[in-house]
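Asks: Make a model of the complete structure from these sequences and hints.
If you count the sequence shown from 1, position 39 lands on 39 in this note's numbering, and the numbers rise without skipping.
Certain hints may be false.
Pair by pair, the computed Cβ-Cβ distance ranges are [said to hold, decoys possible]:
hint: 1; residue 1: S281; residue 2: R518; range: 21 to 31 Å
hint: 2; residue 1: D279; residue 2: T467; range: 16 to 26 Å
hint: 3; residue 1: I499; residue 2: S310; range: 49 to 59 Å
hint: 4; residue 1: G297; residue 2: D370; range: 34 to 44 Å
hint: 5; residue 1: T373; residue 2: R166; range: 27 to 37 Å
hint: 6; residue 1: R428; residue 2: S310; range: 27 to 37 Å
hint: 7; residue 1: W189; residue 2: R118; range: 44 to 54 Å
hint: 8; residue 1: G521; residue 2: S332; range: 39 to 49 Å
hint: 9; residue 1: G311; residue 2: A527; range: 37 to 47 Å
hint: 10; residue 1: P60; residue 2: N183; range: 51 to 61 Å
hint: 11; residue 1: A27; residue 2: F500; range: 43 to 53 Å
hint: 12; residue 1: I499; residue 2: P225; range: 25 to 35 Å
To be clear, the hints were calculated from the coordinates, so they are not data collected in a lab. Note that beta-carbon positions come from the ideal geometry of N, C-alpha and C, so glycine has one too.
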Amino acid sequence: MIKNGKFFVAPQKSSDTFKVLFARLAAEGAGRPVDRRGFADGPWTPETLADAISSIEENPNGIELRAVQIWFQENDNGISNDNIRWLARILGCNDPEETSRWQAELKASKDRLTSVRREKRMLAAQAQDLDQKSEDSEIAAATKQYVSPIATSGTTQIGISHRAARTLAEKVEWLLSGSISMNLQIVYWLVFCGLGLMNYVLNTLSVTYSPIAGLDKQVGFIWAPTLSVLPLIVLPLFISSVSDLNTYWKQVGRSRCTSVNATSIDLQSHAAWYAKVNDFSFSFWAIALFCFFFVFGFQWFGIYVPAYLSGDTNGVQIDRYLVALVRPEVISIPEAVVLSLIGYLYTASYISIFMFGLLFLVIIVLDYHDICTTSDLEGSTVDSNEIRKEGQKIVWGGFRVVVSALWLALLIKLQITYLSSDSPDVVRWLATDTMAAFGVTDIRNGWLKNSSISHFTTFLMMAVTVTVSIACALKVQTVFERLSVYDCDYPFARDQWAIFKMSLVIASLSLTLMLVGRFTGFSLILAASILASLHVLSGPRLRTFEVDDGAS
Numbered sequence: 001m002i003k004n005g006k007f008f009v010a011p012q013k014s015s016d017t018f019k020v021l022f023a024r025l026a027a028e029g030a031g032r033p034v035d036r037r038g039f040a041d042g043p044w045t046p047e048t049l050a051d052a053i054s055s056i057e058e059n060p061n062g063i064e065l066r067a068v069q070i071w072f073q074e075n076d077n078g079i080s081n082d083n084i085r086w087l088a089r090i091l092g093c094n095d096p097e098e099t100s101r102w103q104a105e106l107k108a109s110k111d112r113l114t115s116v117r118r119e120k121r122m123l124a125a126q127a128q129d130l131d132q133k134s135e136d137s138e139i140a141a142a143t144k145q146y147v148s149p150i151a152t153s154g155t156t157q158i159g160i161s162h163r164a165a166r167t168l169a170e171k172v173e174w175l176l177s178g179s180i181s182m183n184l185q186i187v188y189w190l191v192f193c194g195l196g197l198m199n200y201v202l203n204t205l206s207v208t209y210s211p212i213a214g215l216d217k218q219v220g221f222i223w224a225p226t227l228s229v230l231p232l233i234v235l236p237l238f239i240s241s242v243s244d245l246n247t248y249w250k251q252v253g254r255s256r257c258t259s260v261n262a263t264s265i266d267l268q269s270h271a272a273w274y275a276k277v278n279d280f281s282f283s284f285w286a287i288a289l290f291c292f293f294f295v296f297g298f299q300w301f302g303i304y305v306p307a308y309l310s311g312d313t314n315g316v317q318i319d320r321y322l323v324a325l326v327r328p329e330v331i332s333i334p335e336a337v338v339l340s341l342i343g344y345l346y347t348a349s350y351i352s353i354f355m356f357g358l359l360f361l362v363i364i365v366l367d368y369h370d371i372c373t374t375s376d377l378e379g380s381t382v383d384s385n386e387i388r389k390e391g392q393k394i395v396w397g398g399f400r401v402v403v404s405a406l407w408l409a410l411l412i413k414l415q416i417t418y419l420s421s422d423s424p425d426v427v428r429w430l431a432t433d434t435m436a437a438f439g440v441t442d443i444r445n446g447w448l449k450n451s452s453i454s455h456f457t458t459f460l461m462m463a464v465t466v467t468v469s470i471a472c473a474l475k476v477q478t479v480f481e482r483l484s485v486y487d488c489d490y491p492f493a494r495d496q497w498a499i500f501k502m503s504l505v506i507a508s509l510s511l512t513l514m515l516v517g518r519f520t521g522f523s524l525i526l527a528a529s530i531l532a533s534l535h536v537l538s539g540p541r542l543r544t545f546e547v548d549d550g551a552s
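Replies: In structure tokens, the structure reads:
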């Protein structure tokens, strides 16, 4: 039959899947131009069909040749709803009624293909479960047969030795995943209580000194954001965010991105995941040594100990540790030495947790990228939309990690900037800036002549956090772009507003950290960025990717 100069094949309402139906139509040349005798001028090829679809006026974006090639291949990939529309136009020879009929026929065949693929996936998963159970039973039987009570005792010893022989990377992963991370949070709460008790005994919970005449500046323990808000709220939030992402990826996300017949997934030992973590052993040791020798050693031995020995601050900020130099009647220098030693060990510990958390974000994103870019998506049993969903979860989880990391750096910045101001306490410092911005008062915050290396430290923390967030987002985007080759869908297309808000929050927090104390009214920017980050964190997340399975 000929319609509009094209070879027309009417829909047969068969029970074929899309692959079978399309192969038959392509071989028959349905929708092709006809020759003088009324026959199709040949079968469809990927190139000719892609050109025909791209030449449709209502389809300005055309179609990727790769997507059309997948239709011709023997795999389980289907076709997207948008492409069904264009293929129906070709098969219906631009006749509205026949195009509508072919659209319904193609949609039905696609649904049948999806159903068949899901059945295959379920059978493969059941077969794997049976194999795993069989293997476990064989191992258990062998163990029961050959292991005597004495050998069992020896096995226990070996197991304990193996646990003790974990690498540093594995120990940190264990510490920052699952319910164990709650123990870490409890440890920091206990450290907070211990430091508070020590400061209470030493009378430094609330202590002032006079840097200039008429000013009693508060440097006590309870007035320091890094010793109150940070350990009680922000640090636990950061640990929880890292733990949630780490645990989910190891327990669930990783297996969903890997084919059910892949041998690299071990649900019991997570061997592949630990192998990936151990690839970064050097980075874990580098972070640990950096925090010990520089965050603790350099600052305590290089700044505080010389100040205690000489009795002169040498222009360094007076804080709760160095206040012993100007208020010896409140706290003696030996007591301050012990207190500062414990305090800077505590600081080095949470800075290391900060860096370990960002490193785990990098490891998870690289693991996701490596799995999804090295697998064969054409013949894989993994659902490409499932890969998208896991990528979106990583993006959202990574955003929570990044925001809490920036909050942590911001608290340190607020503390050291306040110590350089001429305000009596941190609350009045912020209140004065706010009132001055609204013109309620003529008083302006001034500055003392002192310095702190932590200004540069917080800048580095911010720079590292932003760099990690950008690099991770680009890696996930790379995976999405690879998937778009297979199903012609623009990555993150429906989530552009959510991604924009995330980027805006990260940018505003970073800008706020650099502008703290720089001008009158910085407290308003601080409040706005904090509220914006809370709004985005509590608001709608990235939406679940809901296009049909295996669409191309």
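Asks: For every hint, state whether the structure bears it out.
Replies: Checked hints:
| no. | hint | verdict |
| --- | --- | --- |
| 1 | S281 - R518: 21 to 31 Å | violated (41 Å) |
| 2 | D279 - T467: 16 to 26 Å | holds (20 Å) |
| 3 | I499 - S310: 49 to 59 Å | holds (53 Å) |
| 4 | G297 - D370: 34 to 44 Å | holds (36 Å) |
| 5 | T373 - R166: 27 to 37 Å | holds (30 Å) |
| 6 | R428 - S310: 27 to 37 Å | holds (32 Å) |
| 7 | W189 - R118: 44 to 54 Å | holds (47 Å) |
| 8 | G521 - S332: 39 to 49 Å | holds (41 Å) |
| 9 | G311 - A527: 37 to 47 Å | holds (40 Å) |
| 10 | P60 - N183: 51 to 61 Å | holds (58 Å) |
| 11 | A27 - F500: 43 to 53 Å | holds (47 Å) |
| 12 | I499 - P225: 25 to 35 Å | holds (30 Å) |
In this structure, the one hint that does not hold is number 1.
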